[in-house]
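Build the full structure now, drawing on both the sequences and the hints.
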Amino acid sequence: MIAANPVTGLQRPPAPPRRWTNTRIFGHVLMALWILSGASLVYYLGSNVASPFVLKYWPNYLSGFIVTLQIVSVSLLLGALLSLPIAAARASKWKIFSAPAYAYVYFFRGTPLLAQTFLIYYGAGSFRPELEAVGLWGFFQEAWYCVIFAFSMNTAAYQAEILRGAIQNVPKGQWEGAAALGISKPVAFFKIILPQALMVALRPYGNEIILMIKGSAIASIVTIYDLMGETRRAYSRSYDFQAYIWAAVTYLMIVEILRRVWDKFEARLTRHLKR
Amino acid sequence: MNEALTLLSFGDQGWGDTIALGVLVTVSLAIATLPFGLVLGFLIALAKKSSEPSLKLAANIYTTVFRGLPELLTLFLVYFGVQIGIQQGLKLIGVETYVEVNSFVAGMVALSLVFSSYASEAFLSAFRGIPQGQYEGGHALGLSRYQTMSLVILPQLIRLALPALGNLWLILLKETSLVSVIGLADLVRESGIAARVTKEPFMFFGIACLIYLVLAMISSTGLARIERWTKRGEGAR
Chain A
1 MIAANPVTGL QRPPAPPRRW TNTRIFGHVL MALWILSGAS LVYYLGSNVA SPFVLKYWPN
61 YLSGFIVTLQ IVSVSLLLGA LLSLPIAAAR ASKWKIFSAP AYAYVYFFRG TPLLAQTFLI
121 YYGAGSFRPE LEAVGLWGFF QEAWYCVIFA FSMNTAAYQA EILRGAIQNV PKGQWEGAAA
181 LGISKPVAFF KIILPQALMV ALRPYGNEII LMIKGSAIAS IVTIYDLMGE TRRAYSRSYD
241 FQAYIWAAVT YLMIVEILRR VWDKFEARLT RHLKR
Chain B
1 MNEALTLLSF GDQGWGDTIA LGVLVTVSLA IATLPFGLVL GFLIALAKKS SEPSLKLAAN
61 IYTTVFRGLP ELLTLFLVYF GVQIGIQQGL KLIGVETYVE VNSFVAGMVA LSLVFSSYAS
121 EAFLSAFRGI PQGQYEGGHA LGLSRYQTMS LVILPQLIRL ALPALGNLWL ILLKETSLVS
181 VIGLADLVRE SGIAARVTKE PFMFFGIACL IYLVLAMISS TGLARIERWT KRGEGAR
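First to last, the protein sequences are chains A and B.
Under UniProt numbering, residue 275 is the last one in the first sequence; the count climbs by one each step, no gaps.
Under UniProt numbering, residue 237 is the last one in the second sequence; the count climbs by one each step, no gaps.
By construction, these hints were calculated from the structure, which means they are not laboratory data.
We put the beta carbon where it would ideally sit given N, CA and C, even for glycine.
Incorrect hints may appear among the rest.
[Said to hold, decoys possible] With beta-carbon atoms standing in for the labels, derived distance ranges:
| no. | chain 1 | residue 1 | chain 2 | residue 2 | range |
| --- | --- | --- | --- | --- | --- |
| 1 | A | D263 | B | E234 | 34 to 42 angstroms |
| 2 | B | T97 | A | L33 | 43 to 51 angstroms |
| 3 | A | P16 | B | K56 | 49 to 57 angstroms |
| 4 | B | K49 | A | S37 | 21 to 29 angstroms |
| 5 | A | L33 | B | I86 | 14 to 22 angstroms |
| 6 | A | I66 | B | S51 | 41 to 49 angstroms |
| 7 | A | S73 | B | L21 | 35 to 43 angstroms |
| 8 | B | R145 | A | P13 | 23 to 31 angstroms |
Put into structure tokens, the structure is as follows:
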């Protein structure tokens with residue numbers, strides 16, 4: 001029903017029919033393809049819910065899922081702790097602090113996570129006598145600890161950059177204002193600068209969590225049975241391609257749910273900035 | 001020290017030539033992926049900024065899927081999926097053989113999918129930086145839509161998208177290391193072989209890391225040059 005204009009009493013003409021342009025046809029074809037593949041995926045998974053493969057391997061997938069969550073959360077937390085001194089050193093005026101921190105960040109951001117993991121996991125073997133002397137050999141012998149170590153070092157470099165960028169993003173006037181009010185520097189940092197910086201850092205932190213979840217699949221290459229590791233084991237035993245499809249659906253769901261929750265979280269925390 | 005140099009020398013004694021071959025494979029995989037990823041990413045960005053909702057949705061689903069999957073899993077999906085797909089297809093026409101997909105091609109396809117979904121976002125935000133007046137100006141001059149795009153928009157778009165695309169290139173360079181898992185003889189795999197044979201894992205994986213760093217440095221200098229080149233018109237203003 002088209003509402004009449006209250007002043008003139010004239011009816012607004014109906015919108016012209018949307019024409020079937022080439023773009024529209026193409027868009028519908030693509031959407032049809034997506035819907036078709038989505039529906040066949042759902043049908044395929046649905047018909048396989050009670051298949052021998054799923055019945056046999058679902059406990060493995062569950063434990064793999066938990067291992068993945070453990071790797072990601074432990075590495076992210078350790079990385080966050082490690083990133084604080086690195087970010088502080090990186091922003092320092094003194095070259096003796098900032099240069100090594102820069103080198104650390106450059107190394108871990110410039111090389112693949114896979115190579116770093118290999119460097120720590122296999123490379124520790126080169127220092128076996130030394131490590132045995134200090135009693136750390138047991139630590140580096142375990143793939144689990146090596147992976148946590150490598151991932152924490154890696155994410156610490158990324159998180160240090162996020163933190164540094166966010167802190168430098170806070171306008172200088174905030175520091176000056178705090179100084180004018182007679183607030184000491186440490187208090188100004190923790191009560192005024194850091195809260196504003198963390199606001200800006202929310203989005204990159206969310207991206208870093210997602211990158212870490214995706215990156216944690218690399219742990220499967222060094223014999224860790226995370227979600228990816230269990231998937232590879234299931235596939236090598238059964239030669240059933242649904243092993244990978246179940247993993248893909250799980251990973252996609254983890255990442256999508258996390259992204260949406262994080263968006264909500266961010267919107268909630270920054271609601272005072274919205275106009 | 002001398003021993004280490006012998007191990008790294010070229011020829012029968014050392015592993016220098018093996019690792020050099022690995023570097024070549026890594027670099028060529030990244031370079032071979034780049035054009036496909038860029039073109040696909042550009043087309044997806046066009047779809048995302050179109051006014052047609054169905055096209056936009058289709059493009060967004062693509063990005064969501066390939067940005068959400070771990071790169072390693074995408075690689076396995078392509079590698080085993082294509083292999084099984086071809087085998088099933090051949091079975092239908094009555095041929096039963098074992099097909100093995102080339103790991104270089106599988107890596108190229110998987111990395112292109114991932115790269116294009118990220119590149120589309122880079123292009124999309126660059127599109128947002130171009131004012132509407134540029135399209136209208138092109139139209140007013142009597143340029144066709146294709147001409148407006150290629151002569152007016154694209155040159156500015158590249159300049160705006162270049163920093164983000166440069167980052168994606170550096171990420172791509174690192175992601176090629178994953179293809180070593182499906183058997184491509186790239187830098188990581190070759191250094192792994194060298195590490196196992198010589199029992200010097202720390203040295204060889206350390207060298208692999210350093211080579212990745214050098215590649216990143218070379219890329220950064222190259223990218224800075226391209227960036228200067230795209231901004232050559234701005235100095236006159």
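Checked hints:
| no. | hint | result |
| --- | --- | --- |
| 1 | A:D263 / B:E234: 34 to 42 angstroms | 36 angstroms, holds |
| 2 | B:T97 / A:L33: 43 to 51 angstroms | 29 angstroms, violated |
| 3 | A:P16 / B:K56: 49 to 57 angstroms | 21 angstroms, violated |
| 4 | B:K49 / A:S37: 21 to 29 angstroms | 24 angstroms, holds |
| 5 | A:L33 / B:I86: 14 to 22 angstroms | 20 angstroms, holds |
| 6 | A:I66 / B:S51: 41 to 49 angstroms | 45 angstroms, holds |
| 7 | A:S73 / B:L21: 35 to 43 angstroms | 40 angstroms, holds |
| 8 | B:R145 / A:P13: 23 to 31 angstroms | 28 angstroms, holds |
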